[in-house]
Structures are given as structure tokens and as C-alpha cells.
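Novice: Sequence:
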Amino acid sequence: MPSLSCAVIGDGELPGELGRLGSHSDIALYNRRVDDLILSFVAPLTFPEKIQSLLTAIQMAHAAIVVVREVTPALGEAIVALDSLNVTQGLIVLDGAVKEQVTPLIKGTALEGYGFCEKTYASIIPEVMKMKAAREEGALRLPIDHFFLTKTVGTVAIGRVERGVIGIHDRVLILPPGKEAVVKSLQSQDENVREAGCGVRAGVALKGVDADELERGYIIAHEKDGYRVGCTVSGSFKVSPFFRESLKTGQKVLATIGLQTEAAVVTEVETGGVLERGGSARITFETDTGKELVHEPGEPFILTRPEVKGLRIVGAGTAG
183 MPSLSCAVIG
193 DGELPGELGR
203 LGSHSDIALY
213 NRRVDDLILS
223 FVAPLTFPEK
233 IQSLLTAIQM
243 AHAAIVVVRE
253 VTPALGEAIV
263 ALDSLNVTQG
273 LIVLDGAVKE
283 QVTPLIKGTA
293 LEGYGFCEKT
303 YASIIPEVMK
313 MKAAREEGAL
323 RLPIDHFFLT
333 KTVGTVAIGR
343 VERGVIGIHD
353 RVLILPPGKE
363 AVVKSLQSQD
373 ENVREAGCGV
383 RAGVALKGVD
393 ADELERGYII
403 AHEKDGYRVG
413 CTVSGSFKVS
423 PFFRESLKTG
433 QKVLATIGLQ
443 TEAAVVTEVE
453 TGGVLERGGS
463 ARITFETDTG
473 KELVHEPGEP
483 FILTRPEVKG
493 LRIVGAGTAG
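Each residue of the sequence shown is one higher than the one before, starting from 183 at the first, in the numbering used here.
Derived from the structure by calculation, the hints contain no laboratory data.
Please note that the accuracy of each hint is not assured.
[Said to hold, decoys possible] In the BS3-like style, the derived pairs of lysine-lysine whose C-alpha atoms are separated by at most 30 angstroms in a straight line are:
hint, residue 1, residue 2
1, Lys366, Lys406
2, Lys366, Lys389
3, Lys232, Lys420
4, Lys430, Lys473
5, Lys491, Lys430
6, Lys333, Lys312
7, Lys289, Lys312
8, Lys301, Lys289
9, Lys314, Lys420
10, Lys434, Lys491
11, Lys314, Lys333
12, Lys473, Lys366
13, Lys389, Lys289
14, Lys312, Lys301
15, Lys389, Lys333
16, Lys361, Lys314
17, Lys434, Lys232
18, Lys406, Lys361
19, Lys389, Lys281
20, Lys301, Lys232
21, Lys406, Lys491
22, Lys232, Lys366
23, Lys314, Lys301
24, Lys389, Lys434
25, Lys333, Lys366
26, Lys420, Lys434
27, Lys389, Lys314
28, Lys232, Lys281
29, Lys491, Lys289
30, Lys281, Lys430
31, Lys301, Lys281
32, Lys281, Lys312
33, Lys473, Lys361
34, Lys361, Lys389
35, Lys333, Lys281
36, Lys232, Lys491
37, Lys366, Lys420
38, Lys289, Lys314
39, Lys232, Lys473
40, Lys420, Lys491
None of the values given here were measured: they were computed from a predicted structure.
The task is simple: from the sequences and hints, build the whole structure.
Specialist: Here's what the structure looks like:
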């Protein structure tokens with residue numbers, strides 16, 4: 183059954199009005215079936231205090247619902263994040279603010295094509311139903327967003343199949359550690375299924391791996407081909423024109439790629455070691471602890487500095 187995921191930003195109560203609570207931690211997922219479509223609404227529970235949950239919610243989503251009561255720094259940061267990750271499908275829900283306040287803020291960004299509506303279920307759901315979940319062909323890619331241990335089936339990993347198909351008894355790899363496992367069973371929407379295809383959110387019971395060996399952002403795949411695993415990532419990068427500082431070699435950052443977020447240090451900036459705001463260059467960063475990351479060429483990444491005042495998003499890049 184096809185599915186669509188939306189990040190819901192700016193209102194902690196709205197997702198509960200749109201769906202039933204599922205997995206939750208620093209992010210929460212609310213699910214609802216409408217006709218033949220499964221809708222998932224992802225709420226970043228710790229934003230704006232912590233920016234990591236915002237980026238995770240956006241990375242998990244096909245589209246965004248941005249609730250605007252007033253123009254705030256958190257709204258500006260959400261707009262920059264959505265634009266940096268090129269989320270072009272979405273909806274602006276006006277809950278006290280007026281359209282004329284928001285339109286100038288999103289002009290020239292990925293949000294420029296978002297529709298506007300009031301904060302009611304009857305207004306929001308029909309607009310969400312018009313959105314599309316892009317299907318990607320190729321080998322299995324299932325990023326893990328939650329995981330746990332149960333007494334009945336053992337280790338369970340949960341995530342949305344971004345590409346390919348996963349089935350019962352499949353032999354899979356957990357990347358980046360390269361751990362081999364076997365799929366014991368699959369669930370989707372609390373029902374046992376034999377397989378889960380692209381777009382389906384599934385709970386995967388795994389034999390051969392313990393829950394404490396998993397982390398958010400690990401990827402379930404059939405093969406390692408096409409993935410890069412290591413503690414360094416290189417790619418083209420642009421510093422946000424709204425970030426107050428430059429990016430420098432030796433600078434400590436938080437790096438987010440896929441659903442992985444790790445402390446990192448910038449080890450190379452091709453423009454003489456300094457990249458001014460609004461500027462673009464090829465950079466390299468390395469995880470602070472030597473922890474390995476998994477990614478594919480062309481995958482977007484974001485660097486943040488949670489300790490600074492104002493905008494915490496340094497900028498965005500493309501691994502390659």
C-alpha cells in the first residue's frame with residue numbers, strides 16, 4: 183500500500199489530531215490510513231531547543247507541513263532547513279499569522295510552491311492527499327529510525343523502505359558495521375506481511391544482530407555495492423547566506439547525513455581553508471570519534487553548530 187510521510191513543524195499538538203501515535207523518541211510518528219494511502223506525520227519533539235530532531239524529521243519525510251503562529255527565529259531556521267534539503271512539496275498552515283507575513287520569507291526558496299490553508303483536519307488532509315511520494319528504483323535501502331528488543335521476536339528495527347523490496351527470510355547487511363542478519367518477520371501497520379516495498383514503513387525482526395548493535399541512521403541493505411562507509415565524507419558545500427560566520431578548517435560541527443548525526447571536524451576546505459557565508463567549495467569532514475558513517479554518492483548532508491546564537495545551520499552539501 184502506498185504511503186506518504188510529512189514532517190510537521192511548528193505545532194506539537196497537530197500531528198496527534200492527524201494520526202495515531204506510533205514510534206516516538208526525540209521524534210514522534212503519527213499514522214493514519216486514508217482510502218488506499220498510509221499517511222505518516224513526523225514531529226520533531228525537541229525542536230527548537232535541539233535542531234537535530236528537526237533535521238531527522240525532514241530527512242524522513244517526502245513533504246512538510248509548517249504551522250505558523252508568528253514569525254520567529256525557529257520559523258526562519260525551519261525554512262532554511264527545508265530549503266537546504268530541497269523539500270519542494272508542502273503546506274503552510276496559518277494559525278494566527280497571515281499569508282502576507284509568510285510569503286516574503288519563502289520567496290526564492292524550495293517552499294515557494296507550498297500551498298496555504300487553515301489549521302483544521304478538513305483543510306489539511308485533502309491538500310496532503312494531493313502530494314506525491316517519489317519512487318526510487320534500485321537495490322534495497324531501508325534507513326533505521328527506531329529499534330528495540332522484544333521478548334517475543336527479539337531485535338526489531340523500524341524504518342521506511344526508501345528503495346527496493348525487503349522480504350521474510352532475506353539475508354541482509356546492516357551498514358556501516360557490515361553485520362549480517364536474516365529477516366525473521368515483517369510488520370506494517372500492525373499487520374504481518376511477507377514483504378515490504380518502496381515507501382512502506384515496516385518493522386523488521388532481525389536474527390543475527392542485537393538491538394544494542396544498532397543506531398539511528400544505520401541502513402538495511404542486501405549488498406554493500408554503491409555505499410560508501412568510513413569516518414570521512416567529502417563533497418560540494420555551500421555556507422548559508424544567513425549564517426553569521428564562515429566555515430574554517432579545524433572547526434567542530436554536527437554533521438547530518440541521512441538519519442545519522444555525529445560530531446565532526448572540518449578537515450579540508452578547498453578555498454584556502456576558509457569559506458565565507460554564501461560561498462561554495464568542496465570540503466571534507468571527519469567524525470570526531472572515528473565513528474563510521476554510511477552514505478551514497480549524491481546524498482545531501484547538513485552541517486550545524488548547535489552552540490551558536492541565531493541560525494544554527496552552517497549550510498548544506500552533496501556527498502560525492
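Novice: Tell me, which hint numbers fail for this structure?
Specialist: Hints 6, 11, 13, 16, 19, 21, 22, 24, 27, 30, 35 and 37 contradicted; others consistent.
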